[in-house]
Amino acid sequence: MRTAESRASDPVVRFEGVSKRFGDFTVVDDVSFEVPRGSTFGILGSNGAGKTTSIRMLMNIFRPDGGRVEVLGSQVDEAVKPRVGYLPEERGLYKKMRLEETLRYFGRIKGRDDAFLTPRIDLWLEHMGLSGWRRRRVEELSKGMAQKLQFIVTVVHEPELLVLDEPFAGLDPVNRDALRDAVLELKRTGTTIVFCTHVMEQAEQLCDGLVMLHRGQVRLAGSVAEVRASEGRIAAHIEHRLRPGASLEGLPGVASVDDRGREAELTLQPDADPAALLRALLERGDLTRFEIRTPSLHEIFKRVVGATESAPA
Amino acid sequence: MSRIWLIMKREYLENVRTKAFLLGLVLTPVWMGLVFLVPALAKETSKSERVVIVDETGVLGTPLVRELEQVRTHDDMPRFLPEIIATPGAEALAELQMAAGQGDAFVLMLTPSLLDNKRAPAVGESAPALYGTSGVGAMDAGRMLETAVNLVVNAHLVAKHQVDPAVAAALLKPAVRYTGLTAKGERGGAAQAIAPFLTMMLLFMGIVGISQMLISSTLEEKASRVYEVLLSSVSPFQLMAGKVLGICAVGFTLLALWSGGGLVAASMQGLSGLVTGSQVGLFLAYYVLGFLLIASLMVSVGSACNTLKEAQNLMAPISLLLAMPMMFALVVMRDPNGTFATALSFVPPFTPFLMMARISSVPGPPAWQIPASLLLLAISTYLALRMAARVFRVGILMYGQPPRLKEIWRWMRTP
Numbered sequence: 371m372r373t374a375e376s377r378a379s380d381p382v383v384r385f386e387g388v389s390k391r392f393g394d395f396t397v398v399d400d401v402s403f404e405v406p407r408g409s410t411f412g413i414l415g416s417n418g419a420g421k422t423t424s425i426r427m428l429m430n431i432f433r434p435d436g437g438r439v440e441v442l443g444s445q446v447d448e449a450v451k452p453r454v455g456y457l458p459e460e461r462g463l464y465k466k467m468r469l470e471e472t473l474r475y476f477g478r479i480k481g482r483d484d485a486f487l488t489p490r491i492d493l494w495l496e497h498m499g500l501s502g503w504r505r506r507r508v509e510e511l512s513k514g515m516a517q518k519l520q521f522i523v524t525v526v527h528e529p530e531l532l533v534l535d536e537p538f539a540g541l542d543p544v545n546r547d548a549l550r551d552a553v554l555e556l557k558r559t560g561t562t563i564v565f566c567t568h569v570m571e572q573a574e575q576l577c578d579g580l581v582m583l584h585r586g587q588v589r590l591a592g593s594v595a596e597v598r599a600s601e602g603r604i605a606a607h608i609e610h611r612l613r614p615g616a617s618l619e620g621l622p623g624v625a626s627v628d629d630r631g632r633e634a635e636l637t638l639q640p641d642a643d644p645a646a647l648l649r650a651l652l653e654r655g656d657l658t659r660f661e662i663r664t665p666s667l668h669e670i671f672k673r674v675v676g677a678t679e680s681a682p683a
Numbered sequence: 029m030s031r032i033w034l035i036m037k038r039e040y041l042e043n044v045r046t047k048a049f050l051l052g053l054v055l056t057p058v059w060m061g062l063v064f065l066v067p068a069l070a071k072e073t074s075k076s077e078r079v080v081i082v083d084e085t086g087v088l089g090t091p092l093v094r095e096l097e098q099v100r101t102h103d104d105m106p107r108f109l110p111e112i113i114a115t116p117g118a119e120a121l122a123e124l125q126m127a128a129g130q131g132d133a134f135v136l137m138l139t140p141s142l143l144d145n146k147r148a149p150a151v152g153e154s155a156p157a158l159y160g161t162s163g164v165g166a167m168d169a170g171r172m173l174e175t176a177v178n179l180v181v182n183a184h185l186v187a188k189h190q191v192d193p194a195v196a197a198a199l200l201k202p203a204v205r206y207t208g209l210t211a212k213g214e215r216g217g218a219a220q221a222i223a224p225f226l227t228m229m230l231l232f233m234g235i236v237g238i239s240q241m242l243i244s245s246t247l248e249e250k251a252s253r254v255y256e257v258l259l260s261s262v263s264p265f266q267l268m269a270g271k272v273l274g275i276c277a278v279g280f281t282l283l284a285l286w287s288g289g290g291l292v293a294a295s296m297q298g299l300s301g302l303v304t305g306s307q308v309g310l311f312l313a314y315y316v317l318g319f320l321l322i323a324s325l326m327v328s329v330g331s332a333c334n335t336l337k338e339a340q341n342l343m344a345p346i347s348l349l350l351a352m353p354m355m356f357a358l359v360v361m362r363d364p365n366g367t368f369a370t371a372l373s374f375v376p377p378f379t380p381f382l383m384m385a386r387i388s389s390v391p392g393p394p395a396w397q398i399p400a401s402l403l404l405l406a407i408s409t410y411l412a413l414r415m416a417a418r419v420f421r422v423g424i425l426m427y428g429q430p431p432r433l434k435e436i437w438r439w440m441r442t443p
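Quick mapping for you: the protein sequence lines, in order, are chains W and F. Going by our numbering, the first sequence wraps up at 683, each residue one higher than the last. Going by our numbering, the second sequence wraps up at 443, each residue one higher than the last.
In short, the hints are calculated from the structure, not lab data. There may be inaccurate statements among the hints.
Stated by the list, open to error - Simulated crosslink set (DSBU-like; lysine-lysine; CA at most 35 Å straight-line):
(1) F:201 / F:146
(2) F:47 / W:466
(3) W:672 / W:557
(4) W:557 / W:466
(5) F:75 / F:201
(6) W:465 / F:47
(7) F:337 / F:37
(8) W:513 / W:557
(9) W:557 / W:465
(10) W:513 / F:37
(11) F:47 / F:434
(12) F:434 / F:337
(13) W:513 / F:47
(14) F:37 / F:75
(15) F:37 / F:47
(16) W:513 / W:672
(17) F:201 / F:188
(18) W:513 / W:465
(19) F:37 / F:146
(20) F:37 / W:465
(21) W:513 / W:466
(22) F:337 / W:466
(23) F:337 / W:465
(24) W:513 / F:337
(25) W:465 / F:434
(26) W:466 / F:37
Claimed, not checked - The calculated label-pair distances, taken between Cβ atoms and stated as ranges, are:
(27) W:394 / F:362: 53 to 61 Å
(28) F:308 / W:449: 40 to 48 Å
(29) F:47 / W:433: 37 to 45 Å
(30) F:288 / W:391: 31 to 39 Å
(31) F:433 / W:394: 17 to 25 Å
(32) W:559 / F:399: 35 to 43 Å
(33) F:348 / W:438: 43 to 51 Å
(34) W:540 / F:435: 42 to 50 Å
(35) F:47 / W:673: 31 to 39 Å
(36) F:61 / W:540: 52 to 60 Å
(37) W:540 / F:433: 52 to 60 Å
(38) F:47 / W:483: 30 to 38 Å
(39) F:340 / W:438: 40 to 48 Å
(40) F:61 / W:484: 41 to 49 Å
C-beta: ideal position from N, C-alpha, C; glycine also.
Hey, can you work out the whole structure from these sequences and the hints?
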């Protein structure tokens with residue numbers, strides 16, 4: 371249900387110059403961004419970049435020391451909480467409670483009644499392959515199943531805004547896909563989604579917009595395409611079988627190499643000649659793939675982190 | 029409000045459904061019963077005690093032996109095994125006294141001064157004496173021996189002075205017996221005498237015993253990391269209020285079942301009027317306020333710590349404080365309206381226990397002290413809950429090093 375006072379054009383989440391310090395340490399430093407209604411928004415960064423702190427301020431678990439956080443037109447208070455679903459970084463449920471009881475309890479404290487919850491609990495348990503476990507206790511679940519249950523807890527009351535902290539961490543590929551499909555399904559029904567991750571490939575697949583945080587500051591912001599294009603560089607993605615003794619060092623026009631074994635991503639200098647690079651590569655071995663494209667978020671992220679890492683803080 | 033209710037209900041059901049709850053429900057009255065029954069049973073000892081009689085009078089020994097042989101234990105064994113011995117030398121006497129001190133025998137010295145109207149012995153003359161061990165267990169036997177000796181000596185004096193047997197019999201009888209009454213003027217006897225103690229024990233278990241559940245419950249939820257999920261639905265204050273009220277209801281259930289059962293049992297014994305309606309109302313008021321006061325301590329400790337061990341360290345001084353009313357119990361019950369009892373019962377953490385002990389004593393405290401103590405308790409409870417909410421708010425999301433007291437104090441002052 372959309373309330374009258376919030377219009378479709380209003381951002382669902384707005385950070386305005388938000389800062390947070392713990393003691394002398396500034397964890398989040400003057401961060402601003404907006405999340406439009408219905409979009410999927412990624413907060414990216416390495417460990418300790420300030421992602422979880424930002425999310426906790428979004429949820430009003432931490433109060434910012436400076437700036438303003440607005441969610442659905444106000445601070446996250448008791449009136450807004452039912453409209454938000456939150457999957458914290460630290461997952462946690464009552465171990466002794468049964469699955470169905472758990473979902474009913476968390477749905478109720480979100481203000482939903484049994485008439486609303488019962489069909490949705492059935493549907494979600496079915497959807498996540500947990501139907502057979504509904505009378506079991508949470509402590510009996512495997513880690514992957516517990517994560518899926520935690521996700522259902524987050525969404526069963528049908529929030530307008532979904533806030534997910536590292537939603538795919540610790541899941542095997544099958545469960546990761548199941549969760550991703552569920553997120554995409556919610557996105558299609560108009561749910562606004564904010565999530566944070568340090569896995570750039572996930573962000574690349576899901577995000578409409580993103581901010582990349584490093585040491586609490588926004589380093590890059592915009593849509594995935596904008597961020598990739600803003601680099602002004604191109605990269606060569608290759609799959610190779612080098613001759614013994616040959617390496618990817620000293621290739622012409624290459625600024626940096628991300629060697630992943632059989633694959634590599636080569637970030638090129640602005641004046642690089644791809645044809646010369648291709649010839650140089652073929653002298654060193656066989657190529658099964660050679661693709662010129664904008665650099666991946668992963669490469670950009672590494673450059674952003676690396677640039678500050680080498681400079682004195 | 030409905031969220032506090034939901035949290036309270038969950039907390040209540042989770043704790044009431046445990047085996048520990050059922051066990052506590054059944055075992056506590058059993059334990060309490062044992063506390064009162066065992067000493068009563070132990071009194072009925074079936075041991076026969078040796079009594080060594082040194083009879084320097086030549087006339088008292090034989091009737092005393094006859095008198096002592098009539099005393100039987102409850103399984104009809106002789107209670108005493110008296111023997112008369114010749115006057116021992118100094119060394120033998122020292123040995124006898126040692127045996128008495130070790131509880132092997134009672135040693136009784138009957139001396140001629142007894143025959144002379146129990147006059148005080150002159151210097152150098154031997155004095156009458158009864159020796160035994162100083163253990164508590166020997167006191168009953170000692171008192172029985174005193175009575176028997178008195179009886180025999182008195183009988184001798186009565187015969188010697190040719191006192192009228194009717195007068196003699198009258199002199200040996202007690203003139204009046206003390207009877208304790210209930211508040212309604214009925215014979216309450218022992219039940220009325222132990223009522224203050226029972227009331228206090230009940231409150232103590234309901235408040236101190238039960239509120240400790242909050243520590244483990246908070247620690248468990250912290251360990252299972254469920255707080256962040258809950259905080260996305262409710263405020264920290266709602267969460268704490270729900271938990272505290274849920275456990276308060278657990279305690280209330282226990283107290284209601286125990287005291288209900290106790291009153292039914294008492295009325296089946298023909299005892300009524302032990303408890304008045306207003307006493308039940310006051311009990312409830314002191315219970316709820318006292319529980320919330322102590323619970324605010326417990327929930328602060330639970331939320332500030334991560335492990336039971338850390339919590340136990342923090343609890344040590346608090347436990348001492350909480351045990352204090354029980355330590356003062358005897359003093360308060362001996363003089364329920366004395367200065368000491370009155371002053372202590374206005375110290376907020378002691379108020380519920382000591383005030384209820386005073387209220388169930390006869391006569392009760394002056395009427396103004398009840399509303400005054402309730403008001404003081406209510407104000408302290410309100411302040412304690414506010415502080416606890418501040419500690420809880422920060423504590424439940426803190427992991428790693430347990431905070432120092434100084435840091436907790438800083439949380440308390442942050443609005």
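Q) Would the pair residue 513 (chain W) and residue 557 (chain W) pass a check requiring their Cα atoms to be no farther apart than 35 Å? A) Within the cut-off at roughly 25 Å; holds.
Q.
Can you tell me whether the CB distance of residue 394 (chain W) to residue 362 (chain F) sits inside 53 to 61 Å?
A. holds (59 Å)
Q.
Just to be sure I understand the hint, the distance between the Cβ atoms of residue 540 (chain W) and residue 435 (chain F) should be within 42 to 50 Å; is that true here?
A. violated (32 Å)
Q. Is the straight-line distance between the alpha-carbon of residue 47 (chain F) and that of residue 466 (chain W) 35 Å or less?
A. Roughly 14 Å separates the two Cα atoms, so the pair holds.
Q: Starting from residue 47 (chain F), check that the Cα of residue 434 (chain F) is at most 35 Å away, please.
A: violated (38 Å)
Q | 40 to 48 Å as the expected CB spacing between residue 449 (chain W) and residue 308 (chain F), which holds or is violated | A | Cβ of residue 308 (chain F) to Cβ of residue 449 (chain W): about 41 Å, so the range 40 to 48 Å holds.
Q) Do the beta carbons of residue 47 (chain F) and residue 433 (chain W) sit within 37 to 45 Å of each other? A) holds (42 Å)
(Q) For a C-alpha distance cap of 35 Å, please report whether residue 337 (chain F) and residue 465 (chain W) respect it. (A) holds (22 Å)
Q: Quickly compare the C-alpha distance for residue 37 (chain F) and residue 146 (chain F) to 35 Å and report which way the hint goes.
A: Not satisfied, since the Cα-Cα distance of roughly 74 Å exceeds 35 Å.
**Q.** 35 Å Cα cutoff - pair residue 513 (chain W), residue 337 (chain F)
**A.** Distance ~28 Å between residue 513 (chain W) and residue 337 (chain F) Cα, so the pair holds.
Q. Keeping to a limit of 35 Å between CA atoms, is the pair of residue 513 (chain W) and residue 47 (chain F) held or broken?
A. At roughly 28 Å apart (the allowed maximum being 35 Å), residue 47 (chain F) and residue 513 (chain W) satisfy the hint.
Q: Measure nothing beyond the straight line between the CA atoms of residue 37 (chain F) and residue 47 (chain F); if it is 35 Å or shorter, mark the hint as holding.
A: holds (18 Å)
Consistency with the previously given hints fails for numbers 11, 14, 19, 30, 32, 34, 35, 37, ordered from lowest to highest.
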